[in-house]
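Chain by chain, the residues run as shown.
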Amino acid sequence: MLNRAQWSYLASESFAGFRRRKLTTGVTILIMASALLVLAVLTLVTLNLGTLLETARGGLDLRLYLRDDLSTERLAELRPRLLTIPGVDQVTWTDSEAALAEFRRQLGDDAPLLELLDRNPLPSSYHVTFTAGARNPEAVRAIREEVIRWEEVTEVLLNQEWVDALERWTFRFQMASLVVGLLVFLAAIFVISNTVKLTIASSSRIIQIQKLVGATNAFIRTPFLCEGMVQGFLAGVLAMGLLAVASRILSHNLDGLVFFSAAQSFGFVVFCVMLGLAGSWAAMRKYLTMRSDI
Amino acid sequence: MTSRRPSPAAPETSGPLDPRAIISFHHVDLQYDDQKALSNVTFTVANGEFVCLTGPSGAGKSSILRLIAMDAFPTKGQVIVRGMPATRMNRGRVPQLRREIGYVFQDFRLLEDRSVEDNVAFAQLVVGQPHKLIVKNVMRVLTQVGLYDKRHRLPRQLSGGEQQRVAIARAMVNSPKILLADEPTGNLDPVTAQEIIDLLFRVNDAGTCVMFSTHDHEIVKTFGQRVLVVDGGTLISDERRRVPVDRSASLVDNMYRAPEGARSPGARTVRKEPVHA
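Top to bottom, those sequences are chains A and B. Take the first sequence: its letters are residues 1 to 294, numbered as in our numbering. Take the second sequence: its letters are residues 295 to 571, numbered as in our numbering.
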């Protein structure tokens, strides 16, 4: 267990790089913040695509057009049948007259054209929406396959194509983000690792003395680990701050732009701190052995 | 200059496994990457003994000291320090062992940006001594080496001899059982070198086993204690001297007064040159 003097020493040494190697440390933080900014932008775009996809999925619906020779009772029986299908949330009936009225309203000034028709061409229909769990291509397709077999149904309209396209692009973007994110992750570790190596090299005498007087490896390593974590923290806060400013500016032009929540921002900074820790650890594995190289 | 009475608490040991031995080398080989540093080295050092390790540069003196400090491990044979065998020792226990070993270097290796006091205190800080004890111990050792009045100075504000005394104070502050001094007089003039060796004798008087290496011909000639000579990585001589020399005399005086058997021709000139050069 460390005593107060040791805690004080470790705290002081953890910030030693900021006093003794201001330029190197500053450049490291900037480079790391740039890399993390790329990572954060990719994550934010993925997050926004995900939100867009979720909104699109929320608008997924099915319209069942029905035969026009069915009795009202027969048509009414379909409603409970539809509601028993797993994944169906709400079912709304639209009779042919209501559909025509809606069509007339949509035509506006061209509505008198409808007077030329000798009968109402629009069939009655059911509008089906899905539960949250069923808003995916497989579930919707399964529901569609089931209802299309019903003899009362003449046609099923499903607005899924563009949702599928959005989903495909989102997936591709997520994969690209993952690859770029991994590269950025490795680059960030490399940058921090090299800075800590410089710190270790410039602290070789103090490390040697510590080893010779019997300091444990954990005691020797702690300031370097803390330094990496502090650098990671500052780079993370800088990247997140820049992104927040950019997002605020862009949100005036892009409606519905989603930014990280407070918890997500905190998580990102914690991730950066861990990145700093990993970078320091990678540097020390090679440079801090038990030997003091007397 | 350096000849002194035999250490009172330094009985001769019978062999590597002698329980009185604080340091034992048993047929030790040490190989660096592509170079053999030591070959079949066997000796023991008793608790409280004062030993001079000599030989030309590159003979293996520093390697022996590194093995004792567990900064290197034998490729063959066994090194036992304070009862801990190097080859079977858990590396996690090395820091514990090093707390019982003080180390002094030719180039002092002080922290240049810290005061004398902080340099000495540093050795106590890293091993977790409480602040009050650090203050007390630092005052004690700095007084012993005669530098308490200069405790606030930086190393560059001190002479070479004073810097070496700071290094010895740092090595002694944790009250080690063994003090290893690697060429501690190498950068010092003869008079200052004598002061340092006198200081090492005082450390030894207090019961600490002292082992110091030197390639200085003049120091070895007049050294009145045990002398181990290494050359080419092999221990070629282990001589136990009993040469009484006037402790109050100066370095140069003692060298001139050293008895015939302990002085080689040409010893009147105070020069630093390897024993086997």
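In short, the hints are calculated from the structure, not lab data. Treat the hints loosely; a few may be bogus.
[Unchecked claim] A short, non-exhaustive set of chain A residues, derived as facing chain B with CB atoms under 7 Å:
{"no.": "1", "residue": "Asn-3"}
{"no.": "2", "residue": "Gln-6"}
{"no.": "3", "residue": "Tyr-9"}
{"no.": "4", "residue": "Leu-10"}
{"no.": "5", "residue": "Ala-11"}
{"no.": "6", "residue": "Ser-12"}
{"no.": "7", "residue": "Ser-204"}
{"no.": "8", "residue": "Ile-207"}
{"no.": "9", "residue": "Ala-215"}
{"no.": "10", "residue": "Ala-218"}
Just so you know, even glycine gets a beta-carbon here, dropped at the ideal spot from N, CA and C.
Given Leu-10/A as an interface hint, is the shortest Cβ-Cβ distance to chain B below 7 Å?
Not OK, violated: Leu-10/A not within 7 Å of chain B, min 10 Å.
Chain B contact restraint on Tyr-9/A - CB to CB distance below 7 Å:
holds, 6 Å
Identify whether the interface hint at Ala-11/A stands, where standing means a beta carbon of chain B within less than 7 Å of its own.
Status violated, d = 13 Å.
Satisfaction of the Ser-204/A interface hint, Cβ to chain B closer than 7 Å:
violated, 10 Å
Interface hint for Ala-218/A, Cβ within 7 Å of any Cβ on chain B:
violated, 9 Å
Hint check: is the beta carbon of Asn-3/A less than 7 Å from a beta carbon of chain B?
holds, 6 Å
Ala-215/A as chain B interface residue, shortest Cβ-Cβ below 7 Å
Nearest chain B Cβ about 4 Å off; hint holds.
Taking the least C-beta to C-beta distance, is Ile-207/A closer than 7 Å to chain B?
violated, 11 Å
Is the interface hint for Gln-6/A satisfied, with its Cβ closer than 7 Å to some Cβ of chain B?
With Cβ-Cβ at 6 Å, under 7 Å, it holds.
With chain B as the partner, please determine if Ser-12/A meets the hint condition of a C-beta pair closer than 7 Å.
Given a least distance of 11 Å, the restraint on Ser-12/A is violated.
Violated hints, in rising order: 4, 5, 6, 7, 8, 10; the structure is consistent with all others.
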